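J.: Sequence:
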Amino acid sequence: MLLFLDVDGPLIPFGAADRAYPVFAGPAPAAAAHPLLARVDPALGPRLAALGCELVWATTWMDDANSCLAPRLGLPALPVVEWPDEEGPPGLLHWKTRPLVAWAAGRPFIWVDDEITEADRAWTAVHHPGPALLHRVDHRYGLTPADFGTLEEWLGALARRAPARRRRTVRRRRTPRGAGP
4 MLLFLDVDGP LIPFGAADRA YPVFAGPAPA AAAHPLLARV DPALGPRLAA
54 LGCELVWATT WMDDANSCLA PRLGLPALPV VEWPDEEGPP GLLHWKTRPL
104 VAWAAGRPFI WVDDEITEAD RAWTAVHHPG PALLHRVDHR YGLTPADFGT
154 LEEWLGALAR RAPARRRRTV RRRRTPRGAG P
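Be aware that the sequence shown starts at 4, since it is given in our numbering, and climbs by one per residue.
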């Protein structure tokens with residue numbers, strides 16, 4: 004199971020009018036590091052790792068996510084989606100949608116981002132043969148316990164369906180009674 008992870012919005016909240024920007028203790032960023040790294044909650048790393056998914060950076064930060072964010076989150080270096088050059092004017096579909104579906108190559112995946120729309124969900128449902136959860140995070144707050152609850156619930160439902168699919172496959176392979184050699 005893949006989990007594509009955006010940075011700006013989900014991990015670095017932009018703040019909300021009803022509260023100040025969050026600031027978390029954690030490893031001190033280098034002087035030249037991104038000025039918003041203090042907004043990244045280091046506790047998110049263990050929560051993400053506990054989901055049991057293969058984490059993949061799906062961000063314009065590219066490999067900078069590994070040098071700047073992974074250490075703060077206590078994560079190892081993660082694979083990074085390489086983005087193709089944009090083709091044509093922007094449309095309803097997010098520019099990340101096609102490359103992420105291609106990267107998944109039919110495998111189940113979760114995409115956590117703050118810019119996902121219904122157009123992305125609809126396109127993915129038609130073009131991706133496996134299960135996919137496109138989860139939009141509120142950029143003002145970043146990943147919250149409620150977001151993790153949604154991810155865990157979806158993963159649990161997917162795990163409960165997997166044994167039923169295996170049983171159906173086994174039944175189809177059995178020889179019907181009386182039809183043996």
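Do not rely on the hints blindly, as some may be mistaken.
[Unchecked claim] Each pair of labels, with its calculated beta carbon distance range:
id, residue 1, residue 2, range
1, P134, P79, 24 to 34 Å
2, L95, D141, 18 to 28 Å
3, H130, P45, 19 to 29 Å
4, L161, A52, 10 to 20 Å
5, P45, A125, 33 to 43 Å
Hints in this document: simulated from the structure, not taken from any laboratory. As the structure is a prediction and not an experimental result, all values here were calculated from the model. Ideal placement from N, C-alpha and C gives every residue a C-beta, glycine not left out.
J.: Please check whether H130 and P45 have a Cβ separation lying inside 19 to 29 Å.
T.: Violated, at about 36 Å.
J.: Evaluate the given range 18 to 28 Å for the C-beta pair formed by L95 and D141.
T.: holds, 21 Å
J.: For the range 33 to 43 Å, tell me whether the beta carbons of P45 and A125 fit it or not.
T.: holds, 36 Å
J.: Is it true that the C-beta distance of P134 to P79 lies inside 24 to 34 Å, as the hint says?
T.: For P134 and P79 the Cβ distance comes to about 26 Å; the hint holds.
J.: Go ahead and decide if the range 10 to 20 Å is satisfied by the Cβ distance of L161 to A52.
T.: Hint holds: Cβ distance 18 Å, inside 10 to 20 Å.
Hint check: a violation occurs at hint 3 only; the rest are consistent with the structure.
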